[in-house]
Amino acid sequence: MEGSVVEAESLLARCKSVADVNVVEAELIGKRSRLAEVNRELRGLPPDVRRERGRRLHEVRGRIESLLVARREELRAASRQTRLESDRIDLSEVMSFPLDRGGRPGGRMGPPAPARGHPGVVQRTRDELEDVFVGMGFIVVEGPEVETDWYNFEALNMPPAHPARGMWDTFYLRLGDPETVLLRTHTSPVQIRLMQAQRPPIYAVVPGRCYRRDTPDARHVPIFHQIEGLVIDRGISFSDLAGTIDAFTTAYFGEGIHARLRPAFFPFTEPSAEFEITCTICAGVGCRTCSQTGWIELGGCGMVDPAVLGAVGIDDEEWSGFAFGFGIDRCAQMRHGIPDMRVLLENDARFLRQL
Amino acid sequence: MRVPFSWLRDFAPFDGKPAEIAGVLDNLGLVVESIELVGEGLSDVVVGEVLGIDPIPGADRIRKVSVSTGGQPVEVVCGAWNFEVGDRVPLAQVGAVLPGGFEIARRKMKGVVSNGMLCSGRELGLSEDQQGILVLEGAPEAGTPLTEALGIEADAVFDIAVEANRPDAWSIAGVARDLAARLGLPFAIPEPRVAGVEGPSQVGGLASVEVVDFDLCPRFTARVLTGVSVGPSPSWLARRLVLAGMRPLNNVVDASNYVMLELGQPTHPYDLDKLEDGKLRVRAARPGEVIRTLDGVERHLGLKSVGPGDPLRDCVICDAHDVPVGIGGVMGGAGTEISDGTEKVLLEAAYFDPMAIARTSKRLGLRSEASARFERGCDIEGIDRASTRLIELLSTTAGGSFEVARGVIDEHGVLPKRRRLRVRVQRVNAVLGSELDGRAIEGYLEPIGFSCSVAEPGVLSVEVPSFRPDTSREIDVIEEVARHHGYANLPRRRLAVTQVGHLTRYQRERRLVAEVLAGLGAHQAWTPSLVSPRDHERARMSGPAVELANPLSPDESVLRLGLLPGMLKALAFNCDRRQADLRLFEIGKVFPPPDAERVAEALRRTGSTVVDERELLAAMFASGSDDATTAVRSWTTLAEALGIEGIEISQGEWGELHPGGAAGGSETGWALMAGLHPTRSGQLVVTSSSGRLPPGVPLGVVGEIDPEVLEAFGIAVDGQDQTRVGWLEIDMGLLLGAAERRRAVARPVSRFPSSDIDLAFVVDDKVPARSVEASLRSSGGEMLEDVWLFDVYRGSGIPAGARSLAYRLRFCAQDRTLTDEEVGLLRRSCIDAVVSAHEARLR
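First to last, the sequence lines map onto chains C and H. Taking my numbering, the leading residue of the first sequence gets 1, the next gets one more, and so forth. Taking my numbering, the leading residue of the second sequence gets 1, the next gets one more, and so forth.
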């Protein structure tokens, strides 16, 4: 009987897989094994002998079983090791495989899942700006790109031939009488539409596409995007405007970036200001981007001119408000260091993929 | 406007560094765009006398020059040849730092040590001349500092961007007034004096003026100057003009320009001998009248309207024959200009209607220094001072026999009076958020010429100076208070908004659409909304588009009718750079042309829009094996993300889902299907009747771009015998605003096992798979948990023009395990339904 243990050791040593161990197990302790036979024989033996043999049998069986367990474990670990070795891959191979160039790696690389596309940088900038203002309690309003002279100019306190119109070079359309229908030069006509449609209080931002008949250069393209804000309520003052601009600036551009206002002229606001923000390149120390001033011009703002409120029938003694506007593309340009605005309209895949 | 710092000092004792002054100007809204430092870097430049010039052996372009600076001669190497022994030239000594930061060091060239540099006018920042060394006139003593020899003072020129509401700041004196007020310095414009030049003759005997149209020219004054000798201006005056950006011409014209720069009032000198009888007549031009202006251009007057309400009235100044000799307030004529032989001058100083000048200037495309000032509004009370100042200047420069005729011709209509405005202290503080009292407000206004008195408690009566015609309302005065108080000194307050900020559902879902498309591997493009009619043609988009009246180029001359042309151009751009392997999408507006009625309604200012602008989503699939199926898969992914239901693809005559309408125009107003592959594209149409849109309405298109259209845009992918580009275009307004949505109500999931059966049918190619599926769904009833197509087979055993569609159906009940019998019955009824509805055969 004790010989079985020795036999088991040598049999198991020859096993090369768990399946081999199973065969050996059947041979050693299975129903047709010698130990099973010994067990069956126990019934016919006298009690003392039976007890003694039974004890020995049990001990031998126990030793064999633990040998089986150990061998199985050994083989499992070895085969796992082999499998893991053959599984080994270099993940950096996958990283450097240009999936987004439509490369279709075969076999090991798996199926050609599409690389994720990139939302437009202008769109994303617009979304981020909207989110800041929504967080400050504003709603987002949109309006038409094709406008009438009245909404784009006249209602904004610029009667025909007003010198201030020269600030905006306008694309006119062949609709209606000459120079009555145009492509909006700013998002401000939406202020008028909004105030026509809704009584105060109004807290809204207006993002959208605008058009100016400017020859394209690194900082201007004839088609561009603006975001405009309009607040009309009781008791709104220039202090609210300055506080709002500053709060927005820090929320969007980050801690340490602030705004300052300086007098400017816009026909539709008075007092008017242009707002500058701490240069995001040098954090206000002074660099080439900000011409050593530490400040970068971002947009225009001011208290809504009483004439504008008058054009839409809002009592300027009861209500007051402010408006502000700036370029979305310009924000994107600043944030992402885009040297030339014209690339935005080229849609070059090498550019789109970056941002 | 270019403003020399030294000139500002004529009016107030300004001090301090130019950069600090510029900062103050900025905060007054007189934004300094640049500061030009003049005469800087000349401190170590002295006058040198050339003693000798010797060749350097082995060098044929440079010579050795010996220069005296009073003491020991200095040797320098020089590459210029325009001077001779005895000439006086500027010598930059070793250690000098020239304008622009160039430092002079001792250098060795061809074995000769150069102890400094002889300079050109350009190197010294004194002129643009770089042809040779600046040879000094008048033999100044060697060793004299150059600035002393040339009479140059170090100066700074501020280039100020003057805003449209600051007519007063179009003059040196006006800038000085604002600046002095802010700095608390005394400001005064010296009274011009004309002493000892008044002649015996009366102006009335030499000239006469008739103003016909006072609405165009409310005031016209004229004086006559005799015994004028025309010549160059003195150097100090010429230098100031140059610093301010004007070219000196002769003493008369220069004096006129000088006064305009200094006081903001343009004047115009005529050669009186070229005016018959000394007569001038001021009237509106007759349409089509022609004049040749000083710049030699023929101008056609009174013709082109520059906007609604333009009366087409251009002001002209005419001679005794009623022939125009000048465009009032804009530019004089060539016939009466001052020349070297001019002896008598008629000096015009007038006030022209700003709006009229603005229109004329725009109509003629002619802006002058004068028109820029008149259109913003000049100081009607400053006319006399300006002409007197001009005479004062000429009295020292126009020769010994210079005389002024007695009296002034002064023709005027009703002149604008000084305005008096009520300014409420409480209102000032309400607008600014400040806490200023009446005295503080007065303190800001008085120094800039607004005289204040207390009208009643809490209300100031403010008299607006005549040089501030822009100021007509209380709010205009409040702005002046804010400027001089300083925007930075106003408090900042955080807005307490009562409303809850939010995006509309449309705005939120539009972002989701972009996210889904990006997830499908597409980059977001931004293509121009302006295209050329040719682009539309190439994309097979027929029909008129809205045209621009004044396009920058023919390539961008109409508003786009769809996104296809722009996207194809973007793809072609990438194709040319061997990166056509690409998916792109765009969300943007398209502009179907409105009818005349719609335009007229929009012009009534009632809030309606000119064009029914449609926001579209377009996606283009050109990556790898992309084709129509990629586009359809993308659509189903998008619909799933948005929970859109009840939209099916209709492929023209192929099937029962055909909307019935023509495939061209539709309710969406844009050309559906234009430019798409005829047999691999379809419309996305509403099929259910439970949404907000009736069945049959198309929301968009999906499929592939017509290969001929791709060819027309020059798109071909290397190595493919046929380039396929998938296309999806959807009206976002209809999709997000009106399409039916999945009800977001949870249904219990059965706890009992389901049974699958597979059914394959042979059906005609023209039967859409989706309608077979629809038959299976309706006959499967509630027990049919799901059904999907898992195989399409064409080939042996299947007749031509037909294919086998294999579906897997999964049945399940909520309350029990279905028996084989039950599943068998369901199977039977599904088969019967498909066979009878689609003339199909079970395979």
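Just so you know, these hints were derived from the structure itself, not from any lab. Watch out, some of these pointers could steer you wrong.
Listed next, the in silico EDC-like pairs over lysine to aspartate or glutamate satisfying Cα-Cα at most 16 angstroms (straight line) [to be verified]:
| id | chain 1 | residue 1 | chain 2 | residue 2 |
| --- | --- | --- | --- | --- |
| 1 | H | Lys279 | H | Glu381 |
| 2 | H | Lys279 | H | Asp437 |
| 3 | H | Lys589 | C | Asp169 |
| 4 | H | Lys362 | C | Glu41 |
| 5 | H | Lys362 | C | Glu179 |
| 6 | H | Lys274 | H | Asp322 |
| 7 | H | Lys766 | H | Glu708 |
| 8 | C | Lys16 | C | Glu59 |
| 9 | H | Lys417 | H | Glu381 |
| 10 | H | Lys589 | H | Glu613 |
| 11 | H | Lys304 | C | Glu317 |
| 12 | H | Lys417 | H | Asp470 |
| 13 | H | Lys274 | H | Glu191 |
| 14 | H | Lys304 | C | Glu142 |
| 15 | H | Lys279 | H | Asp322 |
Everything numeric in this text was worked out from a predicted model, so none of it was measured.
Status of each hint after checking the structure:
The suggested pairing of lysine 279 of chain H with glutamate 381 of chain H is violated, with an alpha-carbon distance near 25 angstroms, which exceeds 16 angstroms. For the suggested pair lysine 279 of chain H and aspartate 437 of chain H, the alpha carbons sit about 55 angstroms apart, so the restraint of at most 16 angstroms is broken. Between the alpha carbons of lysine 589 of chain H and aspartate 169 of chain C the distance comes to roughly 22 angstroms, so the proposed pair goes past 16 angstroms and is violated. For a cut-off of 16 angstroms, the pair hint linking lysine 362 of chain H to glutamate 41 of chain C is broken: about 124 angstroms separates their Cα positions.
A threshold of 16 angstroms between alpha carbons decides the hint, and for lysine 362 of chain H with glutamate 179 of chain C the separation of about 14 angstroms falls inside it, so the pair holds. Simply put, lysine 274 of chain H and aspartate 322 of chain H have alpha-carbon atoms about 14 angstroms apart, close enough for the 16 angstroms limit, and the pair holds. Taken as a hint, the lysine 766 of chain H and glutamate 708 of chain H pair is broken in the structure, with Cα atoms around 25 angstroms apart against an allowance of 16 angstroms. Using a Cα cut-off of 16 angstroms, the hinted pair lysine 16 of chain C and glutamate 59 of chain C is violated, with the two alpha carbons roughly 26 angstroms apart.
Distance restraint check for lysine 417 of chain H and glutamate 381 of chain H: the Cα-Cα separation of roughly 10 angstroms lies within the 16 angstroms cut-off, and the hinted pair is therefore satisfied. Taking the CA atoms of lysine 589 of chain H and glutamate 613 of chain H, the gap is near 6 angstroms; set against the 16 angstroms cutoff, the hint holds. Proximity of lysine 304 of chain H to glutamate 317 of chain C is assessed by CA-CA distance (about 41 angstroms); at most 16 angstroms being required, the pair is judged violated. As the CA atoms of lysine 417 of chain H and aspartate 470 of chain H are separated by approximately 13 angstroms, the hinted pair is consistent with the 16 angstroms bound.
Taking the CA atoms of lysine 274 of chain H and glutamate 191 of chain H, the gap is near 32 angstroms; set against the 16 angstroms cutoff, the hint is violated. For a cut-off of 16 angstroms, the pair hint linking lysine 304 of chain H to glutamate 142 of chain C is broken: about 35 angstroms separates their Cα positions. Distance hint between lysine 279 of chain H and aspartate 322 of chain H is fulfilled; the C-alpha atoms sit about 9 angstroms from each other, no more than 16 angstroms.
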